[in-house]
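Combine the two chains into a complex, taking the hints into account.
Spelled out, the chains give:
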Amino acid sequence: MFSKEDFRKAVIEGLKRARDVQEISIRDDENFSDIGLDSLDGMTLVLEVEAVLGIDLGEFDLRGANDINHFYEKARYVATKQEH
Amino acid sequence: MIGITDIASYIPPASVSNLERAEAAGKSREFVENKIGFRRVARKAGDEETSDLCVRAFAALAAKRRVDKQAIDCVVVCTQNPDGRGLPHTSAVVHAKLGLPDGVAAFDISLGCSGFVYGLSIALAFMRANGLKQGLLFTADPYSKILDLDDYDTELIFGDAAAVTYLSEQPVYRMLKARFATNGRLRHSIQVKEDTGRLSMLGSNVFKFTMTAVPAQIEACLSDNGLAKDDIELFLFHQGSKFIVDNLGKKLGVPAEKAPFEARDLGNTVSSTIPLMLEERLVAGPTRIVITGFGVGLSWGTSVLERV
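Chains as they are written, first to last, in this note's numbering: chain A, 1 to 84; chain B, 1001 to 1308.
Chain B with its partners taken away, still in its complex shape (with noise of 0.2 Å):
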């Protein structure tokens, strides 16, 4: 069985105090802080690239466990800001620089926060189809490169980071069934402007659909599964502020310290939240996390991990 390995992040050391700028945003600080909920929100220096990024959350696996490059066998990287233009895609980059073998499987996948799901769901699917063992699975999606330094209601709230999800037969979590959803009619709510290359969002928009459309998926997808909610230890929602994560959970009737908000010194990460706060909790976690990934499509993405 193929499944959750281990994770291992990078966090830029660079970082910006949202509370030191809330004046010149016209936001107080109390709002900053218990509201949007980052304080401070992280960022990659000018040169540092996508695959930087990765190549530095993989550093940190290998710090952590012994990680035979010569058995990866399975590259994927999600992010919708990829090394210059995409093209080569930022998988083969990543697949250089870390000096892998030539006979490993590397692509890329677009999404934005519903990445962490999918990823994990193509990846594991995909080694499971084509008889492979060991898998990187690399969120990495640094918005820094798309803010608009003058848009306080993106500038506050996305901060840079990349993890790295290590996909093997020696599990710690498998990944039960899992849902997805789209509504691309609403796509234009996070976007990057065609005139301007810079990113704007529908903050109505956006918390409309995950008040409505969220909640219903993973009712249904703990149905899928034969779950009901008090068989879920704990609730890892994607972490787009801090008033999405505390409104979510209220309305699912999810206790918040079922359902936290640990992103109030990093900023919403895209696909990386989710990551980052399952690595803590590999070792010794609890027996079912239910996991729920938002945003850009609009697309959204809900599942269960079952600890092994």
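Chain A on its own, in the form it takes in the complex (with noise of 0.2 Å):
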């Protein structure tokens, strides 16, 4: 299982590809939205993630995810259920 730090490296990572930019400050509780992340970014977002990590979340969206501290949580849940 990823730790939370993991993740957030993972996140930001991601966010830099689906944002095409080298660099992106974000707090773990600020929305996605606020530094110009659309859904369709978030798609792109998830799939990094992903890749970075080397796991598969499944049927995944961000919705009700939406900040570095919810998307941590879902993908953990996501990810704890797979294991069982």
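By construction, these hints were calculated from the structure, which means they are not laboratory data. Everything numeric in this text was worked out from a predicted model, so none of it was measured.
If you want a taste of the chain A side facing chain B, the calculated C-beta under 8 Å gives, among others:
1) D38
2) L40
3) E59
4) F60
5) D61
Computed cross-link-like contacts, DSS-like style, restricted to lysine-lysine with a CA-CA straight-line distance of at most 25 Å:
6) A/K74 x A/K16
7) B/K1097 x B/K1133
8) A/K16 x B/K1242
9) A/K81 x A/K9
10) A/K4 x A/K81
11) B/K1258 x B/K1035
12) B/K1251 x A/K16
13) B/K1035 x A/K16
14) A/K16 x B/K1250
15) B/K1250 x A/K9
16) B/K1242 x B/K1145
17) B/K1251 x A/K9
18) B/K1251 x B/K1177
Label-pair ranges, simulated between beta-carbon atoms:
19) B/T1287 x A/S25: 45 to 51 Å
20) B/R1198 x A/E30: 32 to 38 Å
21) B/R1187 x A/K4: 32 to 38 Å
22) B/D1195 x A/G36: 36 to 42 Å
23) A/A51 x B/K1177: 28 to 34 Å
24) B/S1028 x A/D29: 22 to 28 Å
Note that beta-carbon positions come from the ideal geometry of N, C-alpha and C, so glycine has one too.
What follows is the structure in structure tokens.
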């Protein structure tokens, strides 16, 4: 299972790729839309996080998980369910 | 050798502006134009049937070249939105409306966005196996029949159109080996809901499958044909949305000019997107073209067209 810190790094990397920028700054409780992420970028973000962490979250979308904290919780819940 | 001799199409004259209704849809104009990519979506008339779209596409073909109806021996219609409830099959309706002779094989294929690649492979193989000489492959899947007007995730995407691909022994493109695949476990990702009879789509599922399974299939298909990406001058991806076409190109490492998005004022016309792009390239088109369709099923198919 991935740690919160590893997940956070993966999200930052994913955001950079999704937004095609070199640097990105975001708080754990800051809404992704506040840094310009739209719903389609969100799909890219999920794929990039999966790629960075080497995981497959299955049928996953960012609804209700619009910041790092909630994204992490939702991803951890899904990953835990997959383990069982 | 049987292959693609010509293509013609019918795009209904009416359309809806996505830019004008962007605000009502809760989207910015910039998002509609640069992400979804469809400024307008074509809409058939309310009393236009799927077979009518096919007949009008054929009229466009007949206006371009002489087509001897008495010599046609195969009619295939690819649609999941047939005339009426699909019984009788739409290809039989088209057969009658075109006044074709009785000695014609006519059948429908039920596939969505992968339908052109499948349909081409099926029609060519069927014709070869049975010694048929001249075939018409219609793609006509008017989603306006099933769209939920309040669901902007689909309303802003799908457009109506039809194309007819004329197959004969005087081809300009032949079809090389194709690859086909299905993931029925995710069939709910694009479906008509039983209770509403309206289309429902899980965009995140479709996007993920497109970015993972489809590039792998394209690479495998190229390998099957002993080709590399550099051997391909043009990649015609199903025009699901600008976002999907752009990202698929990036994923494959193909520059945008080799993987164009050309459906800005049409919408996603399902199995017709690829023949609509091919149509204008039949005269003096590139040597090799990759065609890839993906969607409903989930289903995906890829092949290479080579100039004869």
